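K.L.:
Protein chains in written order, with our numbering: chain G, 1 to 576; chain Z, 1 to 95.
Just so you know, the hints here were simulated from the structure itself, not pulled from any lab data.
Nothing here was measured: the structure is a model prediction, and the numbers come from that model.
Even for Gly, the Cβ is constructed at its ideal location relative to N, Cα and C.
One or more of the hints may lead you astray.
What the hints assert, rightly or not - Quick look at which bits of chain Z chain G covers, simulated, 3 or more residues with Cβ under 8 Å:
| # | region |
| --- | --- |
| 1 | 30-39 |
| 2 | 56-65 |
| 3 | 69-81 |
What the hints assert, rightly or not - Straight line, CA to CA, 20 Å or less: simulated SDA-like cross-link-like pairs of lysine to any residue:
| # | chain 1 | residue 1 | chain 2 | residue 2 |
| --- | --- | --- | --- | --- |
| 4 | Z | Lys28 | G | Glu210 |
| 5 | G | Lys219 | G | Gly411 |
| 6 | Z | Lys25 | G | Asp208 |
| 7 | G | Lys191 | G | Ser211 |
| 8 | G | Lys247 | G | Thr291 |
| 9 | Z | Lys28 | G | Val256 |
| 10 | Z | Lys25 | G | Leu202 |
| 11 | G | Lys219 | Z | Gln49 |
| 12 | G | Lys141 | G | Gly107 |
| 13 | Z | Lys25 | Z | Arg35 |
| 14 | Z | Lys79 | G | Ile205 |
| 15 | G | Lys219 | Z | Leu52 |
| 16 | Z | Lys28 | G | Leu202 |
| 17 | G | Lys219 | Z | Thr42 |
| 18 | Z | Lys79 | G | Glu210 |
| 19 | G | Lys238 | Z | Lys28 |
| 20 | G | Lys491 | G | Ala281 |
| 21 | Z | Lys28 | G | Arg201 |
| 22 | Z | Lys79 | G | Lys50 |
| 23 | Z | Lys25 | G | Glu207 |
| 24 | G | Lys191 | Z | Gly48 |
| 25 | G | Lys101 | G | Trp86 |
| 26 | G | Lys357 | G | Thr291 |
| 27 | G | Lys191 | Z | Glu44 |
| 28 | Z | Lys79 | G | Ala478 |
| 29 | G | Lys50 | G | Glu210 |
| 30 | Z | Lys79 | G | Pro556 |
| 31 | Z | Lys28 | G | Ala478 |
| 32 | G | Lys50 | G | Ala281 |
| 33 | G | Lys191 | Z | Ile66 |
| 34 | Z | Lys79 | G | Val554 |
| 35 | Z | Lys28 | G | Arg199 |
| 36 | G | Lys238 | Z | Gln69 |
| 37 | G | Lys219 | Z | Glu46 |
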Amino acid sequence: MNFATSPVLELTLPAWRSRFVALLVFCGFAVLAGRAVYLQGLHNAFLQAKGESRYGRIIETSANRGRITDRHGEMLAVSTPVKSIWAIPEEVKFEGPQLSKLAGLLGMPEREITNRIAETGGDFVFIKRQIPPEVADRVAKLHIRGLFQDREYRRYYPSGEVTAHVLGFTGAGDAGLEGVELAFQEHLAGKAGSRRVIRDRLGQIVEDVESIRAAQQGKDISLALDAKIQSLAFSQLKAAVIRHRAKAGSIVALDVGTGEVLALANVPTYNPNNRAQLSGAQLRNRAVTDTFEPGSTLKPFTIAAALESGRITPQTKIQTAPGRFTIGAATIRDAHPEAVLSVEQIIQKSSNVGAAKIALSLPAESLWDMFQSVGFGAVPRLGFPGEVAGRLRPYKTWRPIEQATMAYGHGISVSLLQLAHAYSIFARDGGIVPLSLTRVDLPGTPRSVITAQTARRVRHMLELAAQVGGTAPRAQIAGYRVAGKTGTAHKQENGTYAAHKYVSSFVGFAPASNPRLIIAVMIDEPSDGRYYGGEIAAPVFSRVMEGALRLTGVPPDAPMRPVEMPAKGQEVEESI
Amino acid sequence: MVRLNLFLLALLTVCALGLVTSQHKARKLFAEAEREQERARTLEVEFGQLQLEASTWATHTRVAHIATQVLRMRAPDAKRIRIVTREVPGEGRRQ
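Go ahead and model the full structure; you've got the sequences and the hints to work with.
P.N.:
As C-alpha cells, this is what we get:
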C-alpha cells in the first residue's frame, strides 16, 4: 500500500483542534519561562544563599594572645591552645566501655560525668575545659555521640608565683584581669578573624571565597623585668617574711638610668597557673596598691630640701639633746638621746629630733614642694590596676607638729614603688625619670629636682648610714659601696598608732660611686621580736643587691674584703 | 559548514575539559596550601609549647636549687675574690 494514498490522509479535522493543542503547548512553555524568570531573575538571592550554604562555610581564624617576655627574652607568659569537651545532654549516648574510657582519659569519676549531663537540662554542658590537645585527640577517637570539642587558649606562666603580681593573669576569653595582662590588654590581645570558604563533600576547604576579617595576632611585649633579679628578689623576700614571721612584704628594684622596673615582688603571693583558691591578701600587689607611713626613709628628702634652701650644710650642728622635743601637746623622741649632731649624723643615726628641728626651720611650702616633686601624692601611672597616690596633704593645712613628723615620715603615706622611684634623685645627681614597665632603649631626659651638689651630699650621708656607725651596717656588700636609709614605723590602725605593729623598710642604691640600681624593701609586721629596718629589711636589700649587681655585671667600686659589722652592743638603733 | 561546526565542537570540548582539569588542579593545590598552613599553625603551637617547656626547665629557682643542692656550687666569699684591672699601656699596674 502506498503511503501517499493512505485513507487516513483523506480525513479532514476541524482546524481549531490543532490550534488548541498548539495553544496548550505554548501555555506550557509560557509557564515554564515565567517560572524560570521568577527563579533566576526575581527570587535568585534566596536561592543563591541556600545553594551557597550547601558548600560555603564561614570559618573562624584564630588569633593568639601576645607573649610576655622579660628583658632578655625569657618567656614569662605564653598562650597555648587547649581543648574543651562539651556535650548536648539530650544526644549523648555512651555505648559499651565508652564512658569508663572517657572518665579515665579526663581523670574524672564516671559518676561526675553522668551527673553533669543529667543535671543540666539545656542543650549545652561543659564536661571539662582546658585539657591538653593530645588527650582531646584520644577522646575524639572514642567517637561518642553528642560529645564535641572546642578549641580555646590557656595562658601559662612558667615562673609561677615569682612574677604573679607583675604579670597578673587572664580570665575567660583570654582577657587580662590583673597586672601587665590588664595594663597592656590592647597590645597583647589578638582579634580573631573570619573568612568564607567552599568545602567539598569531605569537609576539606577547596576554595577561598573571601576574607571577611583578617585575624590580628596579639603583639608580644618585652618587659623591663629581669627574670633572674626578680627570682632572687622574690626568694629573698619570701625567706625574710618567713624568718621574721611577718604578715607581708614587698620589694622593688629599679634601674637608675632608665627608670625601668627590674623586679617587683610581693609576699604573700599566688600561683597564676592554679587560681583555685585565691584570697584578697594574696592578690594584692602591695608595692603598688598599698601605702604605708614610711618612717625614717623620708628623712633624706627633708635634709635635701633644707640643703637646697641653703639654711644648712652637711656640717651644721643641731642640738638634739635631751632626745626629746615637744611641740604643743606632742613629743618627738629619739631612741638614743645624743647631744649635738651634725646634719650628716642625723641621717647616719636617724635622729627624729634633728630631722624635726630642721623641718621646722623650713617654710612648709618648700618641704611640700620636695615631696610633691619626687612623686609623693601622685599616681605613678605605670598602668597597673589600682595604683595609689598616697597621702600628701596640701601644706596650707599643715600644723607645726605635722610638719615636724612629716620630716621623719609620719603623717604622710607612700607606696613602696613611689619611695624607690623618689630615691632616684639621690642616685642620679638630682634628676628623676618616669618609671617604665617595658624596656626603655632611649631614656627620657630627667626632670631635675635638686642640684647635683645636694644629691651628692645626701648620697654621702646615705653611705654613712649604711656602714658601721649607721643604722644599717647589714646593708653592706663586699666589694661595693652602698648607700641607703632604714625606716621603722608604727603601723596605723583605726586612726591611731598600734603599739607593737611595725613596718620595717630599707631603700638604697649601689654602687655609691656611680649608682646603677635602686632597691626598696618593705616588711609588714615582723613578729619575731625584732622590727628595726636595719635588722629586717637591710639584709634582704644586701643579698638582692649583691646578686643583682653580679647579674648585671657592675664592676666593684670598693676593695673586695668581708664587710665589717659593729661589735655587739654597738649597733645604732633607729628612732621610731 | 558541517566541518566548521565539528571543529568548533571539538574545540569547545577541549576547552571544557581544560577548564575542568585546571579547576581540579587549582583545588588540589589549594588544599595542599591549606594543609601546609595548618601544619605551620601546628608547628607554631608546638614551638610555643616547647618555649614554655624550655622556660619552665630554665626557671631561675630551679637552676639555683640544682646549683646549690645537687652540684654544691656557691658564690665565692669576699676573701677569695681578686679584682683584676685591665692594664692600660703607660699607666702600669693598678691594685
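K.L.:
Next step is simple, just say for each hint if it's right about the structure.
P.N.:
Against the structure, the hints come out as follows:
no., hint, in the structure
1, 30-39, "holds (count 3)"
2, 56-65, "holds (count 6)"
3, 69-81, "holds (count 5)"
4, Z:Lys28 x G:Glu210, "holds (18 Å)"
5, G:Lys219 x G:Gly411, "violated (44 Å)"
6, Z:Lys25 x G:Asp208, "holds (15 Å)"
7, G:Lys191 x G:Ser211, "holds (14 Å)"
8, G:Lys247 x G:Thr291, "holds (15 Å)"
9, Z:Lys28 x G:Val256, "violated (60 Å)"
10, Z:Lys25 x G:Leu202, "holds (17 Å)"
11, G:Lys219 x Z:Gln49, "holds (18 Å)"
12, G:Lys141 x G:Gly107, "holds (17 Å)"
13, Z:Lys25 x Z:Arg35, "holds (15 Å)"
14, Z:Lys79 x G:Ile205, "violated (71 Å)"
15, G:Lys219 x Z:Leu52, "holds (17 Å)"
16, Z:Lys28 x G:Leu202, "holds (13 Å)"
17, G:Lys219 x Z:Thr42, "holds (19 Å)"
18, Z:Lys79 x G:Glu210, "violated (72 Å)"
19, G:Lys238 x Z:Lys28, "violated (60 Å)"
20, G:Lys491 x G:Ala281, "holds (17 Å)"
21, Z:Lys28 x G:Arg201, "holds (14 Å)"
22, Z:Lys79 x G:Lys50, "violated (85 Å)"
23, Z:Lys25 x G:Glu207, "holds (12 Å)"
24, G:Lys191 x Z:Gly48, "holds (19 Å)"
25, G:Lys101 x G:Trp86, "holds (16 Å)"
26, G:Lys357 x G:Thr291, "violated (26 Å)"
27, G:Lys191 x Z:Glu44, "holds (17 Å)"
28, Z:Lys79 x G:Ala478, "holds (9 Å)"
29, G:Lys50 x G:Glu210, "holds (18 Å)"
30, Z:Lys79 x G:Pro556, "holds (14 Å)"
31, Z:Lys28 x G:Ala478, "violated (70 Å)"
32, G:Lys50 x G:Ala281, "violated (57 Å)"
33, G:Lys191 x Z:Ile66, "violated (41 Å)"
34, Z:Lys79 x G:Val554, "holds (19 Å)"
35, Z:Lys28 x G:Arg199, "holds (12 Å)"
36, G:Lys238 x Z:Gln69, "holds (19 Å)"
37, G:Lys219 x Z:Glu46, "holds (18 Å)"
Violation of the numbered hints given earlier is confined to hints 5, 9, 14, 18, 19, 22, 26, 31, 32 and 33; the remaining hints are satisfied by the structure.
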